[in-house]
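K.L.:
We have chain G already, so just place chain A on it with the hints.
Sequence order for the protein chains is G and A. Each residue of the first sequence is one higher than the last, beginning at 1 in my numbering. Each residue of the second sequence is one higher than the last, beginning at 1 in my numbering.
It is possible that part of the hints are untrue.
[Said to hold, decoys possible] A few chain G positions that, by computed beta-carbon distances, are all more than 12 Å from chain A: (1) Gln48; (2) Pro99; (3) Asp113.
[As the list claims (entries may be wrong)] Output of the computed footprint for chain A on chain G, the stretches with three or more beta carbons under 8 Å from beta carbons of chain A: (4) 27 to 39; (5) 220 to 230.
Source of the hints: derived by calculation from the structure; they are not laboratory data. Glycine included, every Cβ here is placed at the ideal spot set by N, Cα and C.
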Amino acid sequence: MPTIWDLHCHLSGVEGRTLDERMGKFVAIADRMGIARVILSMGVPWSQNPTPDDFRRQNDQVVEALTHWHHRAFGLAYINPHYPEESLAEIERMIAQGPLVGIKLWVARRCKDAALDPIIRRCGELQALIFQHTWLKTTGNLEGESTPFDLAELAARHPAVPMILGHAGGNWELGIRAVRGLPNVYVETAGFDPTAGMVELAVQELGANRVIYGSDAAGRSFASQLAKVAGAKISVADKEQIYGRNLQRLLSPMLAAKGIKP
Amino acid sequence: MIDVNVHLSRWPFRRLPDDDTPALVQRLRAAGVTQAWAGTFDALLHRNLSDANARLADECARHGDGLFLPFGSVNPTAPDWREDLRRCVEVHHMRGIRLYPNYHGYKLDDPGFVALLDAATERNLLVQVALKMEDERTQHPLVSVPAVDPAPLADLIAARPKLRLMVLNGLGILRGEALTKLARSGQVWFDIAMLEGVAGIEKTLSVLPSNRLAFGSHAPFFIHEAAVLKLQESELPQPVRDAIARENAQASLAAAS
Numbered sequence: 001m002p003t004i005w006d007l008h009c010h011l012s013g014v015e016g017r018t019l020d021e022r023m024g025k026f027v028a029i030a031d032r033m034g035i036a037r038v039i040l041s042m043g044v045p046w047s048q049n050p051t052p053d054d055f056r057r058q059n060d061q062v063v064e065a066l067t068h069w070h071h072r073a074f075g076l077a078y079i080n081p082h083y084p085e086e087s088l089a090e091i092e093r094m095i096a097q098g099p100l101v102g103i104k105l106w107v108a109r110r111c112k113d114a115a116l117d118p119i120i121r122r123c124g125e126l127q128a129l130i131f132q133h134t135w136l137k138t139t140g141n142l143e144g145e146s147t148p149f150d151l152a153e154l155a156a157r158h159p160a161v162p163m164i165l166g167h168a169g170g171n172w173e174l175g176i177r178a179v180r181g182l183p184n185v186y187v188e189t190a191g192f193d194p195t196a197g198m199v200e201l202a203v204q205e206l207g208a209n210r211v212i213y214g215s216d217a218a219g220r221s222f223a224s225q226l227a228k229v230a231g232a233k234i235s236v237a238d239k240e241q242i243y244g245r246n247l248q249r250l251l252s253p254m255l256a257a258k259g260i261k262p
Numbered sequence: 001m002i003d004v005n006v007h008l009s010r011w012p013f014r015r016l017p018d019d020d021t022p023a024l025v026q027r028l029r030a031a032g033v034t035q036a037w038a039g040t041f042d043a044l045l046h047r048n049l050s051d052a053n054a055r056l057a058d059e060c061a062r063h064g065d066g067l068f069l070p071f072g073s074v075n076p077t078a079p080d081w082r083e084d085l086r087r088c089v090e091v092h093h094m095r096g097i098r099l100y101p102n103y104h105g106y107k108l109d110d111p112g113f114v115a116l117l118d119a120a121t122e123r124n125l126l127v128q129v130a131l132k133m134e135d136e137r138t139q140h141p142l143v144s145v146p147a148v149d150p151a152p153l154a155d156l157i158a159a160r161p162k163l164r165l166m167v168l169n170g171l172g173i174l175r176g177e178a179l180t181k182l183a184r185s186g187q188v189w190f191d192i193a194m195l196e197g198v199a200g201i202e203k204t205l206s207v208l209p210s211n212r213l214a215f216g217s218h219a220p221f222f223i224h225e226a227a228v229l230k231l232q233e234s235e236l237p238q239p240v241r242d243a244i245a246r247e248n249a250q251a252s253l254a255a256a257s
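Bound-form chain G, shown alone (with noise of 0.2 Å):
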């Protein structure tokens, strides 16, 4: 049985009248499929371009979410590329400081942008994960919505820090060659539906070493995502990479400071 980290969770869609009734609910359906860990970022409600004042409301919530769950879960801080120097004093605050093991970059403001460069050079510091969310829609984009030829820019700009494409670009065939040739970028099987071929287009393009699982749980179904891996026509010790190894290298140095056992 292989050990499975989510990097990509969410309490929105979980029901309960606290946040640690709404983690005990998730924790028991993670349990059903055997996902020994749960990357939480965001809180409830989430928001698109979050004020310094909302980020850090929800980034308080993922560390009480944490609070009895310290064993199964792990927090990404959630920031915002248009507030810079108040997005660095939460990386401070949270990770420097705080629980909280990376930072979640969401939709606000585009990734390839030079705000994020001081952003990236602290978190390289701490050796913070870094998540950022990336679509290459068909039917377009958010504006702020980063795309993985964004995030290939930022990962040029920064060779020695590693990130995340996010939904592998959504649009998988496209986003995994943007960010081939880019070795510290990993990409994330998150998000989108369970079509058939990605996981085995990223392992044979990018090696299964820069491959990570992802649900988006709990708007996603743990089952659809999980599948992705579980139903791949790549060897078992690819899928071990996948499903958590290469989440737990990624972490380790984090962990490993903060005095965390995997």
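P.N.:
Frame of chain G; chain A shown alone:
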């Protein structure tokens, strides 16, 4: 287990790991599927549906030792569509048809669609309607196909008590009150292929009777394991699991036998 939603032949926009029929047979058998209702990807864009249906019937007969039931397609905006329907029944002995209104360019209030429902009911066919085949965000930019608006279905079904209709790839578009209303309109079923959200089946059963859900994978476009794992993700009493995995599909086809 009965899988009510698979396709044979080639997805038009890329090769799929299981788009070779023997590979799909192997995948389905390994998952415990004993019967798979198969349409053909050719029906999406080919003009000659009669030919596509004949190839589908032939492919189903040649592979899987009875695993596949062919579901041919009819386009009610095409000339001579009643002859295509006749061939599905009288030549290929199909027990159901599968419709793709968005790829064939009509809405569900189109008089041709209504006439097709009546003609299929007269021939005692199960009618499957695919509300979508692919997330619009990932479609090829030259072939952008919006999902089918299911709004007219409830009244059409309510007016035709003998009609048996199964909605494919519809859970996601249909939810809440709209889903409940449609389920109450008559003999209608829904497959789980595009159902999302953690423990999605459990949640859906709060608005939909368990005898209306059917196991459908949308393989090989979707990875077959996605539907299989959904049964694991929801906490379901064994009778409900059996109904979704097999019995509801059998019931939907029973009157068509």
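K.L.:
Compare the structure with each hint and give your call.
P.N.:
Verification of the hints:
1. With a cut of 12 Å on Cβ distances, Gln48/G stays outside the contact zone with chain A, its closest approach being about 16 Å.
2. The beta carbon of Pro99/G sits about 24 Å from the closest Cβ of chain A, which is more than 12 Å, so the claim that it is off the interface holds.
3. With a minimum CB-CB distance of about 23 Å to chain A, Asp113/G clears the 12 Å threshold, and the non-interface call stands.
4. Look at the segment 27 to 39 of chain G against chain A: 3 of its residues bring a Cβ nearer than 8 Å to a Cβ of that chain, three or more, so the hint holds.
5. With 9 residues having a beta carbon nearer than 8 Å to a beta carbon of chain A, the segment 220 to 230 of chain G meets the requirement of three or more and the stated coverage holds.
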